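J.: Based on the hints, put chain U in the right spot on chain A.
Protein chains: 2
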Amino acid sequence: MANKPLILITNDDGYEADGYRLLIDLMKTLGDVVAISTLESTSAMGHAVTMNQPLRLKTISEVPGFTEYISNGTPADNIKLGKHLLLDRMPDLVVSGINHGSNAAINIIYSGTMAAALEGAMDGIPAIGFSLAEYGQHPDFSHVSEFVLKITEKVLKDALPKGIALNVNFPKKSADPVKGIKTARQAKAVWKETYEERIDPFGRKYYWMSGVFLDGDQRVDTDEKALAENYVAVVPVQCDFTARELLDTLTF
Amino acid sequence: MANKPLILITNDDGYEADGYRLLIDLMKTLGDVVAISTLESTSAMGHAVTMNQPLRLKTISEVPGFTEYISNGTPADNIKLGKHLLLDRMPDLVVSGINHGSNAAINIIYSGTMAAALEGAMDGIPAIGFSLAEYGQHPDFSHVSEFVLKITEKVLKDALPKGIALNVNFPKKSADPVKGIKTARQAKAVWKETYEERIDPFGRKYYWMSGVFLDGDQRVDTDEKALAENYVAVVPVQCDFTARELLDTLTF
Chain A
27 MANKPLILIT NDDGYEADGY RLLIDLMKTL GDVVAISTLE STSAMGHAVT MNQPLRLKTI
87 SEVPGFTEYI SNGTPADNIK LGKHLLLDRM PDLVVSGINH GSNAAINIIY SGTMAAALEG
147 AMDGIPAIGF SLAEYGQHPD FSHVSEFVLK ITEKVLKDAL PKGIALNVNF PKKSADPVKG
207 IKTARQAKAV WKETYEERID PFGRKYYWMS GVFLDGDQRV DTDEKALAEN YVAVVPVQCD
267 FTARELLDTL TF
Chain U
27 MANKPLILIT NDDGYEADGY RLLIDLMKTL GDVVAISTLE STSAMGHAVT MNQPLRLKTI
87 SEVPGFTEYI SNGTPADNIK LGKHLLLDRM PDLVVSGINH GSNAAINIIY SGTMAAALEG
147 AMDGIPAIGF SLAEYGQHPD FSHVSEFVLK ITEKVLKDAL PKGIALNVNF PKKSADPVKG
207 IKTARQAKAV WKETYEERID PFGRKYYWMS GVFLDGDQRV DTDEKALAEN YVAVVPVQCD
267 FTARELLDTL TF
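So the sequence lines, in the order shown, correspond to chains A and U.
The first sequence begins at 27 in my numbering and counts up one residue at a time.
The second sequence begins at 27 in my numbering and counts up one residue at a time.
One chain only, chain A, in its complex shape (with noise of 0.2 Å):
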């Protein structure tokens, strides 16, 4: 590209997340940002899209090279509102996160992080998802910024296969140092959910939803496993769901 890269970036924490603070003055470095995020955290939307009601945008910051709004849709409402309202052109890069929390294994499934790459790979952008396996409100991101800058850089050079994008998962911060990037497939590991009882003021049930992970995945390549060896975990990741091994032989 002739000119600076047109990067869009959203997540799913919230604007003020202190991972998306950090992904915006990165992507900075590489090229011209547009940001677009929530007021507040849309956590565990998955793909959703608001089609019942109409969408809003605030406008926050508006310098060169730097634009940045606010909307009350969800992470893939912002992609789609980037690429169809708010760009002149395809931006060449969609990035979101950097998410509070992991989204390797089945996490992928509830993640507005990744809808939000996937929405950029659906259309053929070049797109990253990037999740750190840490929870609450301040974690540790001292150890993944130069894997950031290596992972987009190289991303912006060679590009990626049309409809790709990675999921890309650091683990939380220890001690050691990272290892090293490894491209992983996400494991086959799933949640189980458990549901806290309690009785409100008014003498009504009512559940709050929490559970257990469990990685039963014994195979030696996937995300979790790259993770539990100190290891940022890359997934190329693409929207077909088609299990392309029953093709031949499901008859009805």
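Hints listed in this document are in silico derivations from the structure and should not be mistaken for laboratory results.
In this text, all values refer to a predicted model and were calculated from it rather than measured experimentally.
Please note that the accuracy of each hint is not assured.
Partial list, derived from the structure: chain A residues whose beta carbon lies under 10 Å from chain U [unchecked claim]:
no., residue
1, S69
2, A70
3, I135
4, L144
5, T268
6, F278
Note that the Cβ used here is the ideal one computed from N, Cα and C, for glycine as well.
T.: Below, chain U without anything else, positioned relative to chain A:
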């Protein structure tokens, strides 16, 4: 199974939707049914789950062989509630729908109907999402019942490989009879969104999302092709986003 199969049902068009009531009636002929849906439509929720507010449940019917609940959750929540709170044992089958509108091609990723089916599959429960390629409150479902029963009976008899769900889409009712059932792959077709700008009574801008569906996939074995030829399209699907063909070549 010694006794009648236990069938867990949800949808994303609300509990009064024609397609849901029809699916419940059909499933009652095959087993014991537990149905859980929402008061209103929750379309385009994707795989969203509810973490930021408590869930509530109301029992609206309880007779031998049939229990029905209403929740304030998403379709994915509803299957989780069924699996982990409401049922004494894992169901033998999860079915979802019949959705008012197609979930073929990329629609699967925005679909609460298919998120619910995948919630079954990820716990190893045979699962089917049914959708009709016609929108609106009262589409003509008269051509689908025989196929719903045929496909469901086969799945109850033969099960499905662990982790697999079926994404079943019916063509819109036409003068011609449905030609049969085709196993197909998810078409590479996408939405191109447009945003209609309006001004509210207080002078502020807002936007309604709409879009056009673009199917540029020339392959002959896609779900979109099957529907266009008046077949029932059955795509075997799974929750693995890994682009496996890139695992050996993607390096950093």
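J.: All the hints need checking, so say for each whether the structure fits it.
T.: Hints, verified against the model:
1. For the restraint placing A/S69 at the interface with chain U, the shortest Cβ-Cβ distance is roughly 6 Å, inside the 10 Å limit, so the hint holds.
2. Annotation: interface hint on A/A70 holds; nearest CB of chain U at approximately 5 Å, less than 10 Å.
3. A cut of 10 Å between beta carbons decides the hint on A/I135: the least distance to chain U is about 5 Å, and the hint holds.
4. Given the 10 Å rule on beta carbons, the hint for A/L144 holds: about 7 Å separates it from the nearest Cβ of chain U.
5. At its closest, the beta carbon of A/T268 sits 5 Å from a beta carbon of chain U; the interface hint therefore holds under the 10 Å criterion.
6. For A/F278, the interface hint holds, since its Cβ comes within 10 Å of a Cβ in chain U; the closest pair sits about 4 Å apart.
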